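Trainee: If you want the building blocks of each chain, they are given just below.
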Amino acid sequence: MLQVKDINVYYGAIQAINNVSLEVEKGEIVAIIGSNGAGKSTLMRTLSGLLRTRSGAIRFLDEDITDLEPDAIVRRGISQSPEGRKIFTNMSVHENLLIGATTRTDAQGIKEDMEHVLERFPRLRERLKQNAGTLSGGEQQMLAIGRALMSQPKLLLLDEPSMGLAPNLVAEIFDIITDVKAEGVTVLVVEQNAHKALGIADRAYVLETGSLVLQGTGQELLHSDKVREAYLGG
Amino acid sequence: MIDPLSLTAGLDATALPQQLLNGLMFGAIYALVALGYTMVYGVLKLINFAHGEVFMIGAYTALFVSWQMGYFQGASGLTRATNPGILILMLITAMVVCGFLGVLIERFAYRPMRKQPRIASLITAIGVSMLLQYGGALVLPVSPPRSILEQVNPYDGNLSIPLKPRDGELNAAFAKAKEAEAAAKATLEQRIKQEGVSSEFDLSDEGKQIRSASQSAAQATRDAENKYLASGMSLNIPYGQGIMFLATLALMGLLTYLVMFTKTGRQMRAVAHDFDSASLMGINVDKIVTITFIIGSSLAGAGAMMCATFLGTQLTSFVGVPWGVKAFVAAVLGGIGNIPGAVLGGLLIGVAETMVVWAGGSQYKDAIAFVILILVLLVKPGGLLGSAKVEKV
Amino acid sequence: MKFWAIRVGSILLAVLVSYGIGMVAQGSSGTVSRLIALAGLYVTLAVSLNLINGITGQFSIGHAAFYQVGSYTAAFLASQLLARGTINNLGTPIPWVLAAVGIAIVTSGIAGFLIGLPSLRLRGDYLAIVTLGFGEILRIIIQNTPQLGGSYGINSPKAFVVPYVWMLAFLCIGACRNLLQTAHGLSFLSVREDEVASGAMGVNVTRVKVAAFVLGSAFAGAAGALLTFNEGFINVNSFTMDVSFIILTMVVLGGTGSITGSIIAALALFTLPEFLRDAPPMPLNAVLGTLAGVALLVGTIRLALDQKKLGRDFLTPKTYMGFGIAAVGGVIVSILANFLPALANRTIPSAELRMVIFSAVLVIMMLLRPQGIFGHREFGLGSIFKRAQA
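Residue numbers (numbering that gives the first Met the number 0), protein chains in the order written: chain A, 0 to 233; chain B, 0 to 392; chain C, 0 to 389.
These aren't lab readings, by the way, just hints derived from the structure by calculation.
Check before you lean on any hint, since a few could be wrong.
[To be verified] Derived BS3-like pairs: lysine-lysine, alpha-carbon spacing no greater than 25 Å straight-line:
no., chain 1, residue 1, chain 2, residue 2
1, C, Lys307, A, Lys4
2, B, Lys207, B, Lys177
3, A, Lys85, B, Lys262
4, B, Lys44, C, Lys308
5, A, Lys128, A, Lys25
6, A, Lys153, B, Lys262
7, B, Lys114, C, Lys317
8, A, Lys4, A, Lys85
9, C, Lys317, B, Lys286
10, A, Lys128, A, Lys153
11, B, Lys286, B, Lys44
12, B, Lys44, A, Lys85
13, B, Lys226, B, Lys192
14, B, Lys192, B, Lys177
15, C, Lys307, B, Lys114
16, B, Lys44, B, Lys379
17, A, Lys110, B, Lys262
18, C, Lys308, A, Lys4
Only a predicted model underlies this, so the values are computations on that prediction, with no experimental measurement involved.
The task is simple: from the sequences and hints, build the whole structure.
Mentor: Below, the structure written as structure tokens:
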């Protein structure tokens with residue numbers, strides 16, 4: 000579904016992504032784990048078109064999307080819940096969800112999806128008219144995922160969905176990710192919380208200082224010595 | 000042109016309501032222009048110094064349309080327009096031309112600078128502004144005062160709203176004085192007929208007496224009239240300015256609706272909040288920025304057209320500087336990036352300026368906006384409504 | 000020991016060079032002499048604004064206000080001395096000039112302090128508009144003060160101040176440069192980079208910010224006082240917003256924070272319009288066509304530069320097409336201009352083109368090199384030696 004081939008990304012003279020190639024198949028959950036500063040968010044921003052590659056290619060559904068603008072990429076079916084959630088705190092929860100559906104014009108479909116998202120996140124329904132800035136961290140993360148789902152993505156990119164959340168909320172968020180997958184949405188998730196991410200992932204990659212150093216199924220990596228040592232606390 | 004000094008001398012409390020009203024009308028124009036500053040700042044975090052020049056081009060566009068329709072100084076058989084057609088045409092053309100100019104400026108001067116330090120974009124904006132001022136000076140005509148002729152406005156006269164009825168006794172005295180004046184005039188005319196000379200050459204004592212009696216009777220009538228008029232209070236709104244005020248309010252209402260309740264408006268607020276997140280939502284940021292410039296610039300065009308037509312502002316290629324600077328002050332005063340703030344700031348500055356003139360300090364009129372701004376910023380560094388909680392565009 | 004030798008040596012050198020410039024000015028025509036003085040004043044203005052804007056990162060855009068305070072202080076003093084008969088119309092003796100400069104430094108320093116204080120609470124654009132507003136308020140007050148000449152202006156006997164102008168410029172450069180090399184200077188720079196962090200590191204942010212304002216405006220005030228005696232007559236039109244913008248432009252164009260950049264940009268921007276004074280009149284349609292063509296060309300180059308930044312080719316078919324469009328567009332505009340009756344067959348005296356070209360150069364420079372000529376870097380004999388060694 001998504002093929003990334005040998006991409007290099009620079010911030011000025013500093014190389015942030017070094018010859019990264021990866022693949023995501025339809026219906027999978029793919030996790031990318033790595034520590035702070037490994038280039039996880041850079042990779043995600045590049046996939047969404049916010050950053051430009053210096054070389055390499057990104058293909059999605061057999062189309063080259065390397066140089067597409069971010070909005071065109073969303074139109075192709077890739078939506079992202081960015082790092083730090085980045086919800087629009089100057090708008091209501093309802094408006095945030097509607098913003099997620101920017102690329103769509105089918106009023107009926109949007110209404111149905113809104114209903115669907117609110118069923119999945121009942122707490123958002125309670126706060127529908129509330130300013131999104133007043134939500135708690137967990138609620139904001141739910142809003143960010145719900146918002147990303149409003150564009151009817153084929154591929155959902157999640158950048159650190161568990162960041163800054165209490166353990167019970169983290170579990171809830173990962174349950175939601177598995178639910179989303181069950182509904183047929185492919186998921187690429189980037190996480191520092193390697194344990195949780197590998198637990199739900201079909202396949203996973205390990206990113207270290209801009210390069211992919213390991214790959215395998217979630218279970219393989221969960222039990223690999225190298226990963227245990229570096230990311231799972233021994 | 001509203002000339003507050005002609006309406007009052009010194010601190011005349013009876014003129015206060017009228018002055019407040021005049022101030023609101025001026026303020027509405029400031030607000031309209033300030034909206035453009037605040038919207039552009041909201042999405043790009045850039046002070047669009049060229050906005051004042053967009054205003055200038057809008058005023059000239061309106062002027063050219065009026066010329067094209069035959070309303071220029073020295074045109075033969077100039078009569079007052081019978082319908083608002085020309086006004087509407089001027090307004091729409093000014094808005095369209097300004098919208099287009101705004102897009103051009105954004106596309107060629109600001110978009111390439113988007114990833115550069117803010118101060119570099121600011122210098123670019125100053126450069127574009129100066130380029131339009133001095134370039135405009137090469138090409139654009141300097142027209143005589145009251146550039147756009149009054150005759151384009153079919154609505155002559157004033158709407159008078161009585162606040163306090165005038166004194167009946169003074170009215171009677173006024174009528175009496177009028178009678179006395181008419182009698183004195185009749186005596187004078189009779190004398191002229193008798194002597195067969197024009198009154199100025201009648202140098203006899205009697206002639207002089209009759210003449211001065213007629214003059215003093217006329218003076219007494221004027222005094223009585225003034226006394227009578229001053230005894231009551233009424234608001235006078237020239238129809239043209241009244242229409243201008245209503246049109247301004249309508250445009251602001253339209254803008255608020257657009258920003259708060261439409262999909263485009265929602266996207267504008269998203270872009271204002273965060274460029275990157277907005278584009279991750281599938282929003283075409285460039286398109287939204289373009290729309291913002293179209294709206295902001297066409298509002299400046301509308302303000303310019305009304306300012307040149309109903310306030311009779313004289314046009315030079317530098318006319319945008321004072322209007323632009325004050326509108327910018329209005330935007331900052333309200334909290335830059337904040338739409339209701341811009342309106343509030345504009346109205347406040349308009350009222351403050353007329354109040355200063357009313358209080359006899361007309362020479363300080365241009366300073367008051369800055370004085371208020373500095374005082375407000377000392378107390379509220381983010382402007383009047385500029386807290387993080389308020390809706391921003 | 001060596002340090003002091005260098006310091007005394009450079010001071011002596013600066014004084015000598017200033018006198019040298021003064022002798023050149025004395026030997027040349029009145030116009031040229033005036034320009035030499037003004038160039039020195041603009042160097043001082045640009046470098047002193049750079050201290051506020053570039054070095055401590057406070058966004059002040061109303062530098063002409065302090066220039067104005069200094070200038071009017073000197074003019075007021077001169078008019079008082081004239082009224083008492085201490086000096087006459089023939090000229091102000093140099094000791095009086097220097098005394099006036101000293102007092103101007105104090106008054107403009109106080110003005111800088113007053114404006115520097117609100118800057119503690121205001122950030123970015125809010126501070127910018129306050130500095131601009133201060134200048135406007137000042138202008139209007141002066142216009143309505145008969146003792147200061149009102150809107151007509153105020154006379155003060157001239158004096159030959161060219162050497163002092165350049166000494167001031169060198170003093171300003173030296174002060175800023177030395178400041179940067181001391182611990183104090185580092186605290187100035189740290190405020191620019193990160194106010195909160197430098198506060199946490201023990202830098203007295205308040206003091207640094209106000210000190211920068213006071214110092215920067217005192218230099219501008221001294222420049223203003225010298226302007227008064229150089230011109231012999233000043234009025235509020237010498238200190239409009241445009242003047243502030245031009246000074247700001249010099250700082251940004253030179254590279255915010257780079258002293259050498261400010262100096263070179265000040266000299267370049269100052270001399271550029273002067274060259275156009277004696278150029279022949281130009282056909283209007285050619286001017287408009289050139290402007291349009293250059294605008295398109297610059298746009299193309301900017302886009303190509305952005306591509307290059309990504310590590311891609313600078314010269315692509317698209318770039319060539321852009322060049323073509325620029326050339327054709329320019330020609331089309333100049334032809335179209337001749338079809339408009341109001342514009343056809345008009346020529347423009349070059350003097351009127353000065354500000355147009357000035358602003359066009361400004362926009363072009365910013366589009367092509369937004370970090371300024373020098374960026375944050377300095378350029379001097381030292382760095383040349385270092386490069387030669389490397």
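Trainee: Run the distance test for B/Lys192 versus B/Lys177: straight-line Cα separation, threshold 25 Å.
Mentor: holds (22 Å)
Trainee: Decide if the proposed pair is consistent with the structure: B/Lys44 and B/Lys379, CA atoms, cutoff 25 Å inclusive.
Mentor: Judged against 25 Å, a Cα distance of about 20 Å means the pair holds.
Trainee: With the threshold set at 25 Å, check whether the alpha-carbon distance from A/Lys153 to B/Lys262 stays at or below it.
Mentor: Holds. A/Lys153 to B/Lys262 sits at ~23 Å (cutoff 25 Å).
Trainee: C/Lys307 and B/Lys114 were given as a pair; does the straight-line alpha-carbon distance stay at or below 25 Å?
Mentor: holds (15 Å)
Trainee: Mind checking the alpha carbons of A/Lys85 and B/Lys262 for me, to see if they're no more than 25 Å apart?
Mentor: Distance ~19 Å between A/Lys85 and B/Lys262 Cα, so the pair holds.
Trainee: Is B/Lys286 within 25 Å of B/Lys44, Cα to Cα?
Mentor: Holds. B/Lys286 to B/Lys44 sits at ~17 Å (cutoff 25 Å).
Trainee: If you draw a straight line from the CA of C/Lys308 to the CA of A/Lys4, is it 25 Å or shorter?
Mentor: With a Cα-Cα distance of about 21 Å, the restraint between C/Lys308 and A/Lys4 holds, given a limit of 25 Å.
Trainee: B/Lys44 and C/Lys308 were given as a pair; does the straight-line alpha-carbon distance stay at or below 25 Å?
Mentor: holds (24 Å)
Trainee: Does A/Lys85 lie within 25 Å of A/Lys4 when you go C-alpha to C-alpha?
Mentor: violated (28 Å)
Trainee: Quickly compare the C-alpha distance for A/Lys110 and B/Lys262 to 25 Å and report which way the hint goes.
Mentor: holds (15 Å)
Trainee: A/Lys128 and A/Lys153: Cα distance at most 25 Å?
Mentor: violated (28 Å)
Trainee: Is B/Lys114 close enough to C/Lys317, meaning Cα to Cα at most 25 Å?
Mentor: holds (21 Å)
Taken one by one, the earlier hints fail for this structure at numbers 5, 8, 10 and 13, listed in ascending order.
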